[in-house]
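Student: Given next are the chains, with one letter for each unit.
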Amino acid sequence: MTASRPRILVIDDEPQIHRFLTPALDAAGYEPVRADTGAAGLSEIAKQPPDAVILDLGLPDMDGQDVLRSARAFYDGPLIILSARDRELEKIKALDNGADDYVEKPFGVGELLARLRVALRNRMVRDVGEPSVSAGDVEIDLVKRVVRKAGAPVRLSPREYDLLATLVEGRGRVITHRQLLTAVWGPANADDVQYLRVFMGHLRQKLEDDPASPRWLMTEPGVGYRFVGDV
Amino acid sequence: MTDRDLSRPDPDALLAEANKVGRGRLKVYLGMAPGVGKTSEMLTAAARRASEGAEVVVGLVETHGRSETAALLQGLDVLPRRVIEHRGRQLMEFDLDAALARRPQLLLVDEYAHSNAPGSRHPKRWQDVDELLSAGIDVWTTLNVQHLESLVDVVHRITGVLQRETVPDTALSSADEIELIDITPQELRDRLAQGKVYVPETASLAADRFFRAENLTALRELALRRAAETVDDQLVGVMRRQGLTGPWAAGERILVLIGADAMASSLVRNGRRISDMIGDAPWTVAHVERPSHPVLAPLAIDRRAEALRLAEQLGAATTILSGDDLVETVLDFARRQNVTQIVMGRPRPRALAARLRPSLPQALMEGSSGAALHVITDHGLAAADAPTRARLVLRRGWGGVGTAVLAVGAANGVASVVDQFSRGANLAMIFLVSVLVTGLGFGLWPALLAAALAAVTFNFFFLEPRLSMAIGNPADLFTFAVFFGVAVVTGGLAGRVRDQAAAAARRASAVTSLLVASRSLSAVANRQDAARTLAEQTAAAASGATVVLLPADGEVAVAAGAPSAPELDATAMTAARWAWERGEAAGAGTGTLPQIDWTFFPLQGLRARAGVAGVEAGRIQRGSEEERLLLALLGQGAVALERAELAAGAVEHETLRRSDQLRAALLNSISHDLRTPLSTVLGAATTLIDYGGSLARAVHDDLLLSIREEAERLNRYVGNLLDMTRLEGGGLKTRGEWTDVRDVIAGAIDRVARRAPDRRFTRDFPAELSAIMADPTLLEQAIVNILENAVAYSPAGEPIDVAAYEDRSNIVISIEDEGRGIPTAELERIFDKFRRLDAASDRGQGVGLGLSISKGFVEAMGGRIAAASPIHGDALTGFRGTRILISLPKQRATHPMLL
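Residue numbers (the working numbering), protein chains in the order written: chain V, 1 to 231; chain E, 1 to 899.
This is chain V alone, in the form it adopts within the complex (with noise of 0.2 Å):
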């Protein structure tokens, strides 16, 4: 971690929000960064990176859609919705613009904060480039392909194979359905929730120690998957 504590951007226009996120923020060593309207946070994003955002998906000048879709063109690091909207196709749609994670108003700031130091873990690790991951007794290696757990070989279809490495890619992230079948079997799959339901359950039968329920491979229901790593 570098001598200067990382700037996380929220944007949010509700004041109440800011009101305790800002002294959360800086009390477990962030600088935190208020911005009320999605234009005002494109700018500060443009002005200088922060090293992540947190974005409120009801904005009153902008759809926080949009936002996401703009800041995602000229910015690469780790962003986390907030919103009050809980319904599933919200959700879906924000991931698939490309955000890192979602927390549910109402929400407690421990979740929030965890969700943002898994997010900033892993693009320290995916900008080093880090070739093996591990979780608990199962390893994973990117560059030779090769899964073991508890130290021997497992044999994973080429199909699992992808479908782990992919997750793996995203650690800690949601990754969606969609996004998921797209990596593994092609657009036009894109809607064959079903396939990844039963190579998922492959792959928890491979590799957790009791699949009915997992500690690596997690279920974000009607959503995705995600990956959970090693912290």
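Any given hint could be a false lead.
[Claimed, not checked] Computed spacing ranges between beta-carbons, pair by pair:
no.	chain 1	residue 1	chain 2	residue 2	range
1	V	191	E	652	31 to 37 Å
2	E	584	V	191	47 to 53 Å
3	E	177	V	194	47 to 53 Å
4	E	649	V	219	40 to 46 Å
5	E	890	V	104	50 to 56 Å
6	E	652	V	98	53 to 59 Å
7	E	692	V	215	29 to 35 Å
8	E	705	V	215	38 to 44 Å
9	V	98	E	799	45 to 51 Å
10	E	798	V	219	51 to 57 Å
11	V	191	E	649	44 to 50 Å
12	E	692	V	104	21 to 27 Å
13	E	692	V	219	32 to 38 Å
14	V	191	E	565	53 to 59 Å
[What the hints assert, rightly or not] In silico negatives: residues of chain V with every beta carbon more than 10 Å from chain E:
no.	residue
15	66
16	75
17	156
18	158
19	182
20	221
21	222
No wet-lab data here; the hints were simulated from the structure. C-beta: ideal position from N, C-alpha, C; glycine also.
Using the hints, position chain E against chain V.
Tutor: Below, chain E without anything else, positioned relative to chain V:
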């Protein structure tokens, strides 16, 4: 068959099969003549079925007093007959309703061709059977081949007996099973001799003739052939359903041309036989109408209609073609329909002049390519036409006869005057004029009469020798001939012109009525209007009473009528329901309940049946021009009804969609407005828990404060929602007490000021103000909501002005802000639920319930609320400000002196 891919199952065949699902099965015991043992065979088989456990009921079996038959009935369940009174006689008839109510698996009904007693639901028993089959009951019945409609002519020729009781061929071919009861003619004659065949006493002589061996042989052949054909049909049906190719008439199509004469029906039957012979080929019966020819006499129209109806019964398609060139019209139709066989009657012997042109058969033969031509000779039937023609002349002639007499009388007068002054003038010219006038005015026959009268009187009074019938000069004969010549030419011409004009006028009036109807029908807004307009238009076209019934709750009910909505009795309603359910005409002039005073037609729209229209009986001749106009009108009416229904559906759908939209917006709004304060509470609380120790004191306190504020905000939202629910649910109880409005306003301002400490409120109250009966809690909440709205929508620095004053009967509260105002278009709606000027504002002005709650509360106390905007500014500086007025009634009006 050129237009079908035969390797695939034929959709028509599958459809026919699908229609049969749920329908009862029909078995016909077919025999060549009475006495072959159909009934006993049927009863024996039925007893067998009953012993196997099937529920067999005898609907009706005629024993004709024969003990053998009666013995067979033993052990079978026999339905009691219905007694029908007819002209003082009691007729024992089959009880259709009892059979339908009983719903046995198998019902036996003897004598398929029987005609029911007048007053029954259907005139014919085969129609009863059809209804039974539709109800899903299996029926067995018996039939002698001579009763088949298409064989009536043939049987008549063979036996000399004309059958009155007939069944249409379709009624036999729709049978699922036919069992032929066949014995040799000799056997039958033996049975007859032993008295085993029932013959009515009165007809024993005729029976002897009927049961001659050669007759029986011919009838037997007919029965055998018909049974074989039906087996063929069923085989073909099976093959078509399974998509097999087979030996049915490939591409054969028959066209039967009929005139409007006595031969028409006979031609139709011939067509059916030819169609049968070549494998049940599709056939069309057509009549050609020539616009330039005189319109048909009523009798001819009846004949044509009867023949066309017969054709439909026998399974033909029917059409009326229109064209002046008979040959070209027929050939054109034949080419378009790929007709391969043309059936027509032999033309009547024609006038010499006409014989110079080729006859119709000749012309068709020359013009048609590849179609076979069947020319059927009549059997003296055309002779029946002669009296018709004579009557026609007379009916039209009375006016003409008078004119002829008068014209010739006048000619006599003029001629005698002229004769006085100039002897030797050509007086014949004067008589010629009288013939001409009569001919032009009244046509051929009056003209000929005038010519005859002219010739006689001219000869008698003016030709030498005068006052004598003797003809002095043979050249005078020539003059008379000229008279007749002129009569023929002018009378014929004028008659034709007049008929054409009449026909054209009639067509024009038909087109006009259709036009008028379609205009008024296209303007209707709803089903009720459509029904009324349709009833009026059809009443005009039918020149009688009409009624329109529309479906309601699975039934049909009278929706409109002209001249007024009539009361329909139970039988008429049954007929109307029949038309509605079956999609067939019912009532007078049809095969169903013909005894009632109405004819009901189904209103068939493009997608479904839209209703039923009834026309007073006797107004419309079936098959007439009027009926065609009526049917066209009904078609238009059905479409208009359907359109009205669709439009109503669209409105309903739109309403539903809007309320869905509203619900979604409401949920979104509530979820946002409830969650935002919750987020702050939860977020601030967790911040305090997680980082409480490391926060500055001021930050610590601010977080606690924010928790309190947001909890209060949440409480207000919940309060608003509850208020709204109470208002909507009618659970709001106002509590009246004597209230000083100034106190209430002060309380409301205090509450709002606590939350908006920077805001300045100005108060403008009079020193004296009447107290009113009101609920102070509700009133305070109403004012608070308005004040909060004003705070939210006006700039922070601007004051909010609150005033109260009174007039004679009201206390008025006025609340003004300096905000940007409300667009005029929005003014009416600001008190609506979930109305917010900023659609997507998240800044927490509430769910848009505040003002609507204010309105609800004020109105619950008997007051009124209104908004005005803008109230300040001009076009240059911009308009500003909103004023909301609450007016509450006083208990008693104040005397003006006290104000």
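Student: For each hint, tell me whether it holds in the structure or not.
Tutor: Verification of the hints:
1. For the hinted restraint 31 to 37 Å between residue 191 of chain V and residue 652 of chain E, the CB-CB distance of approximately 33 Å keeps it satisfied.
2. Between residue 584 of chain E and residue 191 of chain V the beta carbon distance is about 50 Å. The supplied range of 47 to 53 Å therefore holds.
3. Residue 177 of chain E and residue 194 of chain V have their C-beta atoms about 51 Å apart, which keeps the hinted 47 to 53 Å range intact.
4. At roughly 43 Å, the beta carbons of residue 649 of chain E and residue 219 of chain V sit within the given window of 40 to 46 Å.
5. Taken as a hint, the range 50 to 56 Å holds for the pair residue 890 of chain E and residue 104 of chain V, whose Cβ atoms sit roughly 53 Å apart.
6. Roughly 42 Å separates the CB atoms of residue 652 of chain E and residue 98 of chain V, a value that falls outside the hinted 53 to 59 Å.
7. For the pair residue 692 of chain E and residue 215 of chain V, the beta carbons lie near 32 Å from each other, so the given range of 29 to 35 Å is met.
8. The hinted window of 38 to 44 Å between residue 705 of chain E and residue 215 of chain V holds, with their beta carbons roughly 41 Å apart.
9. Our hint of 45 to 51 Å for residue 98 of chain V and residue 799 of chain E holds, since their Cβ atoms are close to 48 Å apart.
10. Separated by about 54 Å at the C-beta atoms, residue 798 of chain E and residue 219 of chain V satisfy the suggested range of 51 to 57 Å.
11. For residue 191 of chain V and residue 649 of chain E, the hinted distance range of 44 to 50 Å is not satisfied, since their beta carbons lie about 32 Å from each other.
12. Range check, residue 692 of chain E to residue 104 of chain V: about 24 Å between beta-carbon atoms, so the 21 to 27 Å window is met.
13. Between residue 692 of chain E and residue 219 of chain V the C-beta distance comes to about 34 Å, which sits within the given range of 32 to 38 Å.
14. The beta-carbon spacing between residue 191 of chain V and residue 565 of chain E, approximately 57 Å, falls within the hinted interval of 53 to 59 Å.
15. Against the 10 Å criterion, residue 66 of chain V stays outside the reach of chain E, whose nearest CB is about 12 Å from its own CB.
16. No Cβ of chain E approaches the Cβ of residue 75 of chain V within 10 Å, the least distance being about 23 Å, so the stated non-interface status holds.
17. At roughly 40 Å, the least C-beta separation between residue 156 of chain V and chain E is larger than 10 Å, which holds for a residue marked as non-interface.
18. Under the 10 Å C-beta cut-off, the non-interface status given to residue 158 of chain V relative to chain E holds; the minimum distance is some 44 Å.
19. Distance check for residue 182 of chain V against chain E: the nearest CB is about 29 Å away, which clears 10 Å, and the non-interface claim stands.
20. With a cut of 10 Å on Cβ distances, residue 221 of chain V stays outside the contact zone with chain E, its closest approach being about 18 Å.
21. The non-interface label for residue 222 of chain V is consistent with chain E: the shortest C-beta to C-beta separation is roughly 17 Å, beyond 10 Å.
Of the numbered hints given earlier, the model fails hints 6 and 11; all others are met.
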